[in-house]
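My request is simple: use the sequences and hints to build the entire structure.
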Amino acid sequence: DAMVIQNPRYQVTQFGKPVTLSCSQTLNHNVMYWYQQKSSQAPKLLFHYYDKDFNNEADTPDNFQSRRPNTSFCFLDIRSPGLGDAAMYLCATGVGPADEQYFGPGTRLTVT
Amino acid sequence: GENVEQHPSTLSVQEGDSAVIKCTYSDSASNYFPWYKQELGKRPQLIIDIRSNVGEKKDQRIAVTLNKTAKHFSLHITETQPEDSAVYFCAGSFGNEKLTFGTGTRLTIIP
Numbered sequence: 001d002a003m004v005i006q007n008p009r010y011q012v013t014q015f016g017k018p019v020t021l022s023c024s025q026t027l028n029h030n031v032m033y034w035y036q037q038k039s040s041q042a043p044k045l046l047f048h049y050y051d052k053d054f055n056n057e058a059d060t061p062d063n064f065q066s067r068r069p070n071t072s073f074c075f076l077d078i079r080s081p082g083l084g085d086a087a088m089y090l091c092a093t094g095v096g097p098a099d100e101q102y103f104g105p106g107t108r109l110t111v112t
Numbered sequence: 113g114e115n116v117e118q119h120p121s122t123l124s125v126q127e128g129d130s131a132v133i134k135c136t137y138s139d140s141a142s143n144y145f146p147w148y149k150q151e152l153g154k155r156p157q158l159i160i161d162i163r164s165n166v167g168e169k170k171d172q173r174i175a176v177t178l179n180k181t182a183k184h185f186s187l188h189i190t191e192t193q194p195e196d197s198a199v200y201f202c203a204g205s206f207g208n209e210k211l212t213f214g215t216g217t218r219l220t221i222i223p
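In order, the protein sequences belong to chains A and B.
According to my numbering, the stretch in the first sequence is residues 1 to 112, in order.
According to my numbering, the stretch in the second sequence is residues 113 to 223, in order.
Pairs of lysine to aspartate or glutamate, DMTMM-like flavour, derived with a Cα cap of 20 Å:
hint, chain 1, residue 1, chain 2, residue 2
1, B, K170, A, D99
2, A, K44, B, D139
3, A, K52, B, E209
4, A, K38, B, E151
5, A, K44, A, D99
6, A, K52, A, D99
7, B, K169, A, D99
8, A, K17, A, D62
9, A, K38, B, E117
10, A, K44, B, E114
11, A, K38, A, E57
12, B, K170, A, E100
13, B, K154, B, E195
14, A, K44, B, E117
15, A, K17, A, D85
16, B, K134, B, E168
17, B, K180, B, D161
Per label pair, the in silico range of CB-to-CB distance:
hint, chain 1, residue 1, chain 2, residue 2, range
18, B, P194, A, S80, 41 to 47 Å
19, B, V166, A, T20, 38 to 44 Å
20, B, A141, A, L27, 22 to 28 Å
21, A, G82, B, Q157, 28 to 34 Å
22, A, V95, B, R218, 25 to 31 Å
23, A, Y10, B, P194, 26 to 32 Å
24, A, V95, B, S138, 23 to 29 Å
25, A, F15, B, Q172, 46 to 52 Å
Worth flagging that the hints you see were computed from the coordinates, not collected in a lab.
Quick caveat, the model's predicted, so the values are computed rather than measured.
We put the beta carbon where it would ideally sit given N, CA and C, even for glycine.
In structure tokens form, the structure reads like this:
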């Protein structure tokens, strides 16, 4: 029944060691989003794909990249994680403008 | 621009009482306003939403009101229960597929 799946749920990486987080969906939604959420703060949008069109937020660091090889999958690559990148990373999907976003369970990233 | 302000940041109410959380926005192009509930360690989940052509929407103990002229919308929870304790986020959609989130309200229900 899971509609938005994120793997792994918990990820520990070393400072500067690249890490990839994955998201998949069974909803066939056009839009996939990546958010960063730090404790008790609102989710912060990093970027999103509308179909194959990539949309980067202006304040997203270059350290963060994304790939969407097909409709179902989207990846978040953190090229050189710093201590400040420790957070919950949430993937979400949506049909399009002015509609609900469906969130995955998140990946909690720890940087040592 | 796209800005959503949310108040209060924390709210404690006695079990059985009502809770009200308010959000204001600045962009008149906004047309969709969802409310998400996030329990500790879990994903945000939609609890109710409203579109700009509607003034009020209710779902059991939860209601949302929208005042387009004043550019504010509110979440109302009646007969609060301990399981209502969570962080609540309002959001707005401003003519595109993105959501702008409010800063969140931590609601605590006191038994």
